[in-house]
Structures are given as structure tokens and as C-alpha cells.
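Peer 1: With the sequences and hints as input, model every part of the structure.
Under the working numbering, the first residue of the sequence shown carries the number 90, and numbering increases by one thereafter.
Source of the hints: derived by calculation from the structure; they are not laboratory data.
Don't be surprised by glycine CBs; every beta carbon is placed ideally from N, CA and C.
Where hints are given, some of them may not hold.
Listed next, the in silico DSSO-like pairs over lysine-lysine satisfying Cα-Cα at most 27 Å (straight line) [claimed, not checked]:
no. : residue 1 : residue 2
1   : Lys292    : Lys363
2   : Lys207    : Lys241
3   : Lys252    : Lys269
4   : Lys181    : Lys269
5   : Lys339    : Lys235
6   : Lys235    : Lys292
7   : Lys326    : Lys235
8   : Lys292    : Lys331
9   : Lys269    : Lys235
10  : Lys181    : Lys152
11  : Lys363    : Lys433
12  : Lys326    : Lys381
13  : Lys235    : Lys301
14  : Lys207    : Lys301
15  : Lys181    : Lys235
16  : Lys326    : Lys292
17  : Lys339    : Lys433
18  : Lys269    : Lys301
Computed spacing ranges between beta-carbons, pair by pair [stated by the list, open to error]:
no. : residue 1 : residue 2 : range
19  : Ser272    : Lys187    : 32 to 38 Å
20  : Pro435    : Pro144    : 49 to 55 Å
21  : Pro435    : Thr299    : 28 to 34 Å
22  : Pro144    : Arg407    : 45 to 51 Å
23  : Pro298    : Phe194    : 36 to 42 Å
24  : Gln432    : Asp188    : 53 to 59 Å
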Amino acid sequence: MVNSEKTQQLSFVDNNFSKLHDCVIRYIFSFLPIDDILRTSILSKRWKSFWTSIPDIVFDETKYKLRSNMRISFFHSIETILDLHSAPCIRKFSLILKDDSIGPFRVNSWVSTAISRKVQELDLSLDFSIVLPDSLFTSESLNILKLNFGFKVPLSIQLPNLKTLHIRVRDNLSAQLLEKLFSSCPVIQELALHIDRLNNSEKITISSPTLKTLLVVCRDSSLRELEDFVMTIYAEKLSYLKFINCAIMKVLPCNLSSLHYAYIDEQTSIHGVKEIMVQHAINLLGGIHYVKFLTLSNDILEYLSYEENLQVYLPEFRCLTHLKVIWGEPDYTNHQVLNTILQKSPNVESLEIPQVVI
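Peer 2: Dropping the structure here:
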């Protein structure tokens, strides 16, 4: 009786959904994770081949609690889907892996296959390092590249259509290699740097006439080797800037006249370099004085309070119309510093501050 009801249900699904046009079914599938598509395809004989033409291939190992005997099947399914994929190009290939037992050469093979299928967005988040294929760094189809793991840059790089680049910076990437990577992306619009460590570097220049969004995060803000590090930014079209835990290094923004929004947050304090971090914070604010919307953390106000002549050294924010202060450590807002910033901002229209402890 139960089997009969199940057969009737499947028949109902098959009869109704089989009436949908192929393009409609593919459009519905485009919103589903790959594993759900594979499960759903058993409901209709006609659907069995549709999964091979879906534009997005996304595998997230963290979604599942895979036992060791299930991992082989999981990895094999990735290879099967890539091998049987029949679409003219892969719109997105996303891979999130925590298990390093898979072997870096296997992941390298998957990436190579995706590149050969003219992948447009490649998003790799790994808890281990791999050697990426050289073909990745000369891909003409890539528009978005996100690499959340340690990797090396080859000698030959040219990414003519890359607009978004998110990378994690570790020991194996020097400032020179990073500059080489940036200069090889002539149409880049969005750049995100998550800095773990920089390899014996003293300075880096980010120069791009097309860059519109820049995010820099020091993941370990206690990095004393960044104390003498200088980051210079030339980006005449930059409209969005976000810095987190970067006061340990000196940032020199140059001619950011298009800057619309800036977010500056500092969540830690490094003993013995307070004066340096105060000066770095003032240098950064001096380079973004064209900004219209500015968000600062309480911690930045705390640093600025250590400068006795803040009224003299703080720049004027003549374009600033909206100022926001967010929580940090400690949990209070320095009113004197805030008043100084407001005095230097004659055109502010709105001020947003957290509930303060007096």
C-alpha cells in the first residue's frame, strides 16, 4: 500500500513537471545546490540529464558530517559532475574543503577542469595549501576569483577580464608578487586582502585606475612585522574603502577624490607601539578626507585621544555629510575626539553614535 502511494506521487510529479519547458526547469535548478539537484532529478526521467548543464557547481564540505567512508563518495561525485558537465561554460565553481587527506593534486585537477570549461567565477576556501594550475592565472573567462588559502603566484600572469579578486595573504606571497598580481588585472573593480602574514616586505603599492572597492583586513593584528610596513593606494575611482585592524601599518591613500564610503575599525591594542598606531590612524584619515559617509569604531577614537594636538593634525572633512561611530573596545565614546572631528566637518548632516556609558 505504501509503495503504491509513493508510485502515484512520483507519477504525479513526473506528469506535471514534465510539461515545463526545458529552459524553465534549468532556471529552477539554477537556484538549487548541486546535491539537491541530484536528489530532485530522480523524480523525473526527463530531469536526469538536466543537472549536467546547470551553470553553478557548488560543493561545501562543511554542510555535511561526512564519515571517513563517505568522503571518497563525496569527492568522486565532484569529479563525476565536472566530467559530465555539458554546459558551454561554468558560471561558478565553488569549493569549500576542510579535509586535507584528499590530496592537493586532486583539487588541482578539479580547478584545471573548471578553467578548461571557461569558468567565470572561481571560489576556493581550503584549510590546506595547493599548487594552482598556471592556466588559472592566464584565464580569459574569469570575472571573479576568491582564494581563501595559501597559494603561489607563477611567473606569467594575465587576467584581462577579472573584476573581483579576494585573496588570503600568507608567508608565500611577497609584496612584489602581490603588486605583480594586481597589475595583471587591468579591469579590476573590487579587491579584498585578508592578511595573515607578509613575507619580509616593507611596502606595497595598490595602483589601479578602475578599482572601486577595497577591503583590507589584518587577521592577526598583533603582527609586529607590519610596524614599518607602508601601503600606498592610488585609485582615482575608489568609492568604497574598508580597513579592519590595520593601524599597525602605515596606509597612504593618494587622491581618493571619488571616495563615497569609508569604514575604519580597530579591535586590538599592541603594547609599546601606541604612538605609532596613533600616527598611522591620523595618516589614514588624512588620506580619505574627501569621504562623504564615514564609519569609525570607538577604538579609533581611543587612539586619536592620545594625540594632544589632534585639532592641528586632524584633516578637514569638507565633503563629509554622515558620520557613524560603532562599538569597539572600550565600550564608550570619546566625546572630546568626536567633537574635534565634528568641528573639522562643517557639512555633516547626520551623526549616529552607540548608546554610551558615562
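Peer 1: Decide, hint by hint, whether the structure agrees.
Peer 2: For each hint, the structure was consulted:
Taken as a hint, the Lys292 and Lys363 pair is honoured in the structure, with Cα atoms around 21 Å apart against an allowance of 27 Å. This hinted pair checks out: Lys207 and Lys241 have alpha carbons roughly 22 Å apart, not beyond 27 Å. Of the pairs offered as hints, the one joining Lys252 and Lys269 holds, with about 16 Å between alpha carbons and a cut-off of 27 Å not exceeded. Restraint check for Lys181 and Lys269: the C-alpha separation of about 25 Å stays at or below 27 Å, so the hint holds.
This hinted pair checks out: Lys339 and Lys235 have alpha carbons roughly 26 Å apart, not beyond 27 Å. For the hint pairing Lys235 with Lys292, the CA-to-CA distance comes to about 23 Å; that is within 27 Å, so the pair holds. Distance check on the hinted pair: Lys326 and Lys235 sit about 22 Å apart at the alpha-carbon level, within 27 Å; holds. For the hint pairing Lys292 with Lys331, the CA-to-CA distance comes to about 19 Å; that is within 27 Å, so the pair holds.
A distance of roughly 17 Å separates the Cα atoms of Lys269 and Lys235; the hinted pair therefore holds under the 27 Å criterion. Between Lys181 and Lys152, the direct Cα distance comes to roughly 18 Å. Compliance with the 27 Å bound is thereby established for this hinted pair. Distance restraint check for Lys363 and Lys433: the Cα-Cα separation of roughly 24 Å lies within the 27 Å cut-off, and the hinted pair is therefore satisfied. Simply put, Lys326 and Lys381 have alpha-carbon atoms about 14 Å apart, close enough for the 27 Å limit, and the pair holds.
At roughly 17 Å between alpha-carbon atoms, Lys235 and Lys301 fall within 27 Å of each other, so this suggested pair holds. Of the pairs offered as hints, the one joining Lys207 and Lys301 holds, with about 25 Å between alpha carbons and a cut-off of 27 Å not exceeded. Of the pairs offered as hints, the one joining Lys181 and Lys235 holds, with about 11 Å between alpha carbons and a cut-off of 27 Å not exceeded. This hinted pair checks out: Lys326 and Lys292 have alpha carbons roughly 22 Å apart, not beyond 27 Å.
Of the pairs offered as hints, the one joining Lys339 and Lys433 holds, with about 22 Å between alpha carbons and a cut-off of 27 Å not exceeded. Distance hint between Lys269 and Lys301 is fulfilled; the C-alpha atoms sit about 19 Å from each other, no more than 27 Å. Under the hint 32 to 38 Å, the C-beta atoms of Ser272 and Lys187, about 33 Å apart, fit the expected range. The hinted window of 49 to 55 Å between Pro435 and Pro144 holds, with their beta carbons roughly 51 Å apart.
Our hint of 28 to 34 Å for Pro435 and Thr299 holds, since their Cβ atoms are close to 32 Å apart. The beta-carbon spacing between Pro144 and Arg407, approximately 47 Å, falls within the hinted interval of 45 to 51 Å. The hint said 36 to 42 Å for the Cβ distance between Pro298 and Phe194, and at roughly 39 Å that hint holds. Here the CB-CB span from Gln432 to Asp188 is close to 56 Å, well matched to the stated 53 to 59 Å.
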